[in-house]
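Peer 1: Each chain is listed here by its residues.
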Amino acid sequence: NAGVTQTPKFQVLKTGQSMTLQCAQDMNHEYMSWYRQDPGMGLRLIHYSVGAGITDQGEVPNGYNVSRSTTEDFPLRLLSAAPSQTSVYFCASSLQGRPLNTEAFFGQGTRLTVV
Amino acid sequence: AQSVTQPDIHITVSEGASLELRCNYSYGATPYLFWYVQSPGQGLQLLLKYFSGDTLVQGIKGFEAEFKRSQSSFNLRKPSVHWSDAAEYFCAVGINDYKLSFGAGTTVTVRA
Numbered sequence: 001n002a003g004v005t006q007t008p009k010f011q012v013l014k015t016g017q018s019m020t021l022q023c024a025q026d027m028n029h030e031y032m033s034w035y036r037q038d039p040g041m042g043l044r045l046i047h048y049s050v051g052a053g054i055t056d057q058g059e060v061p062n063g064y065n066v067s068r069s070t071t072e073d074f075p076l077r078l079l080s081a082a083p084s085q086t087s088v089y090f091c092a093s094s095l096q097g098r099p100l101n102t103e104a105f106f107g108q109g110t111r112l113t114v115v
Numbered sequence: 116a117q118s119v120t121q122p123d124i125h126i127t128v129s130e131g132a133s134l135e136l137r138c139n140y141s142y143g144a145t146p147y148l149f150w151y152v153q154s155p156g157q158g159l160q161l162l163l164k165y166f167s168g169d170t171l172v173q174g175i176k177g178f179e180a181e182f183k184r185s186q187s188s189f190n191l192r193k194p195s196v197h198w199s200d201a202a203e204y205f206c207a208v209g210i211n212d213y214k215l216s217f218g219a220g221t222t223v224t225v226r227a
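Listed in order, the protein sequences are those of chains B and G. Sequence positions in the first sequence follow this note's numbering and run 1 to 115. Sequence positions in the second sequence follow this note's numbering and run 116 to 227.
Bear in mind the hints are in silico, worked out from the structure with no lab data behind them. Being a predicted model, the structure only gives us computed values, none of them experimental. The beta carbon of each residue, even a glycine, is placed where N, CA and C say it ideally should be. Just to be clear, a hint being listed does not mean it is correct.
As the list claims (entries may be wrong) - Taking lysine-lysine and the DSS-like style, the derived pairs with C-alpha atoms no more than 30 Å apart in a straight line are:
no., chain 1, residue 1, chain 2, residue 2
1, G, K183, G, K214
2, G, K164, G, K183
3, G, K176, B, K9
4, G, K176, G, K164
5, B, K9, G, K214
6, G, K214, G, K176
7, B, K9, G, K164
8, G, K164, G, K214
As the list claims (entries may be wrong) - Some chain G residues flagged as far from chain B (calculated, every beta-carbon gap over 10 Å):
no., residue
9, V128
10, G131
11, A132
12, L134
13, G177
14, E181
15, R184
16, N190
17, V196
18, A201
19, V223
What the hints assert, rightly or not - Some but not every residue of chain B turned toward chain G, in silico, with C-beta under 7 Å:
no., residue
20, M41
21, L43
22, F106
23, Q108
24, G109
Make a model of the complete structure from these sequences and hints.
Peer 2: In structure tokens form, the structure reads like this:
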């Protein structure tokens with residue numbers, strides 16, 4: 001059972017380039033989310049989805065787009081990368097959205113550097 | 116606004132010694148509290164969680180945490196640390212049905 005799979009693991013982008021971070025889960029989880037992790041700031045929620053076709057913004061959504069066309073996949077798109085988006089990105093999923101009911105499973109992260 | 120504070124950025128502990136990691140939260144309602152561990156180069160793994168009931172919660176890997184409403188704290192403890200416990204630890208609070216708010220994390224170094 002693969003769990004939550006993120007690709008790529010590492011990426012270097014030039015300022016202004018676009019790219020998509022992939023996230024896939026094979027646990028049939030309804031809820032998926034993207035976080036970024038920066039030193040001294042913990043994890044901050046970028047976007048989340050409570051099911052296919054439904055997405056919403058987290059606390060730091062600017063510069064990122066998401067879509068959820070299937071239950072399994074939740075890609076994160078950077079339209080025009082900026083150095084401020086240099087970070088480690090984590091995708092997470094849980095059976096239901098409510099954290100009081102379920103555990104969030106995290107991928108291994110994507111380390112993104114924007115130069 | 117909801118917030119989670121982990122006062123200690125870095126803790127060094129000897130193998131076999133006890134460990135306590137502090138977590139304070141600011142939240143208006145009854146909180147749902149979590150501790151996650153992140154080993155180097157890995158994602159986050161849930162250690163334990165508190166929803167209600169017994170304020171002393173047992174988790175995996177020999178960890179426990181105690182919820183103290185009067186102090187707005189949810190400190191993580193382990194009686195005897197192993198070298199494999201070297202990692203970064205995050206406290207988090209569920210601030211509504213869908214969102215987790217994380218603390219900045221505490222890095223634990225274990226010395227032989």
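Peer 1: Take the hints in turn and mark each one as holding or not.
Peer 2: Here's how the hints hold up against the structure:
no.	hint	in the structure
1	G:K183 with G:K214	holds, 22 Å
2	G:K164 with G:K183	holds, 14 Å
3	G:K176 with B:K9	holds, 27 Å
4	G:K176 with G:K164	holds, 14 Å
5	B:K9 with G:K214	holds, 25 Å
6	G:K214 with G:K176	holds, 26 Å
7	B:K9 with G:K164	holds, 29 Å
8	G:K164 with G:K214	holds, 15 Å
9	V128	holds, 21 Å
10	G131	holds, 29 Å
11	A132	holds, 26 Å
12	L134	holds, 19 Å
13	G177	holds, 18 Å
14	E181	holds, 19 Å
15	R184	holds, 17 Å
16	N190	holds, 17 Å
17	V196	holds, 22 Å
18	A201	holds, 18 Å
19	V223	holds, 15 Å
20	M41	holds, 6 Å
21	L43	holds, 4 Å
22	F106	holds, 4 Å
23	Q108	holds, 5 Å
24	G109	holds, 6 Å
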